[in-house]
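Let's have the full structure, built from the sequences with the hints guiding it.
What follows is the residue order along each chain.
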Amino acid sequence: MGMPAVAIEFEDIGLTFAPASAAPTVALEAVSCRFEPGKVTALIGPSGCGKSTLLQITRGFLDPTRGRLRFVERSDDRVTARPAMSTVWQAFNLFPWLTVMENVAFGLDVAGVARAERDARSRRAIVAVDLTGFEHRYPRQLSGGMRQRVGLARALVMEPEVLLLDEPFGALDAQTRLVLQEQLAHLVETSGTTAILVTHSIEEAILLADTILVMTARPGRIAARIDVELPRPRSVATTRDPGFAALFDRIYSLLRDEVMRAMVSGSEGA
Amino acid sequence: MDTPRPKEDVAGTQARPAATMARSLLDDPRVLGWGSIVLVLLFWELTARLTGVSALYLPRPSQIVVALVYLFGSGGLAVDLGVTLWRIFAGFAIALFAGTLLGLWIATSFRTRAVADMFIAALYPLPKVTLIPLLIIWLGTGGPFMLTISFLGAIFPIVINTVLGVSQCDPGLVLAARDLGATPQQIMRRVLLPSAIPSIFAGVRLGLGVSIILVVAAEMVVGKTGLGARLYLAGQILETEQVFAVLIVLAALGIVVTKLQDTIDASLGNWRTD
Numbered sequence: 001m002g003m004p005a006v007a008i009e010f011e012d013i014g015l016t017f018a019p020a021s022a023a024p025t026v027a028l029e030a031v032s033c034r035f036e037p038g039k040v041t042a043l044i045g046p047s048g049c050g051k052s053t054l055l056q057i058t059r060g061f062l063d064p065t066r067g068r069l070r071f072v073e074r075s076d077d078r079v080t081a082r083p084a085m086s087t088v089w090q091a092f093n094l095f096p097w098l099t100v101m102e103n104v105a106f107g108l109d110v111a112g113v114a115r116a117e118r119d120a121r122s123r124r125a126i127v128a129v130d131l132t133g134f135e136h137r138y139p140r141q142l143s144g145g146m147r148q149r150v151g152l153a154r155a156l157v158m159e160p161e162v163l164l165l166d167e168p169f170g171a172l173d174a175q176t177r178l179v180l181q182e183q184l185a186h187l188v189e190t191s192g193t194t195a196i197l198v199t200h201s202i203e204e205a206i207l208l209a210d211t212i213l214v215m216t217a218r219p220g221r222i223a224a225r226i227d228v229e230l231p232r233p234r235s236v237a238t239t240r241d242p243g244f245a246a247l248f249d250r251i252y253s254l255l256r257d258e259v260m261r262a263m264v265s266g267s268e269g270a
Numbered sequence: 001m002d003t004p005r006p007k008e009d010v011a012g013t014q015a016r017p018a019a020t021m022a023r024s025l026l027d028d029p030r031v032l033g034w035g036s037i038v039l040v041l042l043f044w045e046l047t048a049r050l051t052g053v054s055a056l057y058l059p060r061p062s063q064i065v066v067a068l069v070y071l072f073g074s075g076g077l078a079v080d081l082g083v084t085l086w087r088i089f090a091g092f093a094i095a096l097f098a099g100t101l102l103g104l105w106i107a108t109s110f111r112t113r114a115v116a117d118m119f120i121a122a123l124y125p126l127p128k129v130t131l132i133p134l135l136i137i138w139l140g141t142g143g144p145f146m147l148t149i150s151f152l153g154a155i156f157p158i159v160i161n162t163v164l165g166v167s168q169c170d171p172g173l174v175l176a177a178r179d180l181g182a183t184p185q186q187i188m189r190r191v192l193l194p195s196a197i198p199s200i201f202a203g204v205r206l207g208l209g210v211s212i213i214l215v216v217a218a219e220m221v222v223g224k225t226g227l228g229a230r231l232y233l234a235g236q237i238l239e240t241e242q243v244f245a246v247l248i249v250l251a252a253l254g255i256v257v258t259k260l261q262d263t264i265d266a267s268l269g270n271w272r273t274d
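These protein sequence lines map, in sequence, to chains Y and C. Using our numbering, you'd call the opening residue of the first sequence number 1 and step up by one each time. Using our numbering, you'd call the opening residue of the second sequence number 1 and step up by one each time.
Accuracy of the hints is not assured; some may be wrong.
[Unchecked claim] Not the full set, but computed from the structure, chain C residues with beta-carbon under 8 Å of chain Y:
| id | residue |
| --- | --- |
| 1 | G172 |
| 2 | L173 |
| 3 | L175 |
| 4 | L180 |
| 5 | G181 |
| 6 | Q186 |
| 7 | P194 |
| 8 | N270 |
Keep in mind the hints are simulated off the structure, nothing from the lab. We put the beta carbon where it would ideally sit given N, CA and C, even for glycine.
Here's what the structure looks like:
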């Protein structure tokens, strides 16, 4: 896989859900931002701020009601087609009736990739997420952390130019989450893929991201853009870096206000 | 299954090995099940012999066994069993194939669903035996009639359960498949259909039961061959042993079908998420 060369640009993107039977909801309001190729950008914000909606728009599963989404060639600024993307889901979304191997091979299989190549690539992805020996297990036989590693392998095997991570560790316990964050940081650093990470965790955002976009409470907008200059590879040890603490405090103070706002408007709405 | 029993041994009593063994035998559900059947048969045999009740009303189990052996040996009961099984499973197989496809279509198309809902609501609660006279007028009493009656018994539960299973598919799985590049047809075949299989199988259970009932009932009304026809004829000429013999074959068929379904059910464990 060559270095990804396509940046993703949001220009004044808004999304309003207007169901026939209820008042319209403004999920996103005038979001403008740019996701740099080969970089990890984290989206962090209070619940319901439209982080996941933004990811769905990027993936093409939702159309914005205003603004435009552009994919731009880095070399010459030309607009280009949507690059190959894969998503890792908070709920894992593994097919329970398929083995680990079959889950990982699913995307290649539906794309009609020949069996030999499909098997070889799936096996490599399974090795990359450290699940060798579990190829023929079913998802229900695996722990949550292992299931999400299958989810990661299933996305990575497609060799996406853009990896979309939708709160990938949200359903895991704190210890498993730490280990997987380190593994993911390593995988993303070595693959050089563009990644967009939606998360609730400030720590996760700092450990994984090159850039952090802090979002406001609904309707979602970008409140701040923060570059993370901490050296790579990052690990749990990074959390003891004074730079980490400073970043953490800065993001926390930004988020605190938004979370409070979200709680107040949430109780009004209820 | 281990249900705790109240402890009977009070301090001071000695261990009684024989009693303990009898007790542990009584804890085995298979021993209880088969043992009670043997007991009932013994009781039946003895009271029939002692009271001297006429075999016309209540033949003894030993007489029924003799009838059963005779019917299978030279009476052509095996052929009747084969004919009945063919009628049941041919119609059922068509219903399974068509019902699954139809269910998938109804569950994924808003318009099809709106139309089908009305027809299902009208036809599903209708006792299918009431269709026998009309079907005879249309199809006569031969193979097509039997196939249709078995088909009608199974198709509704299969369609309804397929629709249910597909509608209950985790939307996250569909999203994941889309994300991995699956086309709508691939999502239908490789996500919606497999995720509905446990539910479809519940429909198969119900449908097969209705098919069996309908085919045997239809045979009783019009058949010259088949278990139902055999049962009816034996009743007409007061061959009570033969009536019982056919009933036993039907009961055995029920046991085999149920156990087979239990086995398939157990193998659906992979569909569980936890």
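Against the structure, the hints:
1. G172: holds, 4 Å
2. L173: The hint holds - L173(C) has a Cβ within 8 Å of chain Y, the shortest such distance being about 6 Å.
3. L175: holds, 7 Å
4. L180: holds, 3 Å
5. G181: Interface hint status for G181(C): holds (6 Å vs cutoff 8 Å).
6. Q186: holds, 5 Å
7. P194: Holds, about 5 Å.
8. N270: At about 5 Å, which falls below the 8 Å cut-off, the nearest Cβ of chain Y leaves the hint on N270(C) intact, so it holds.
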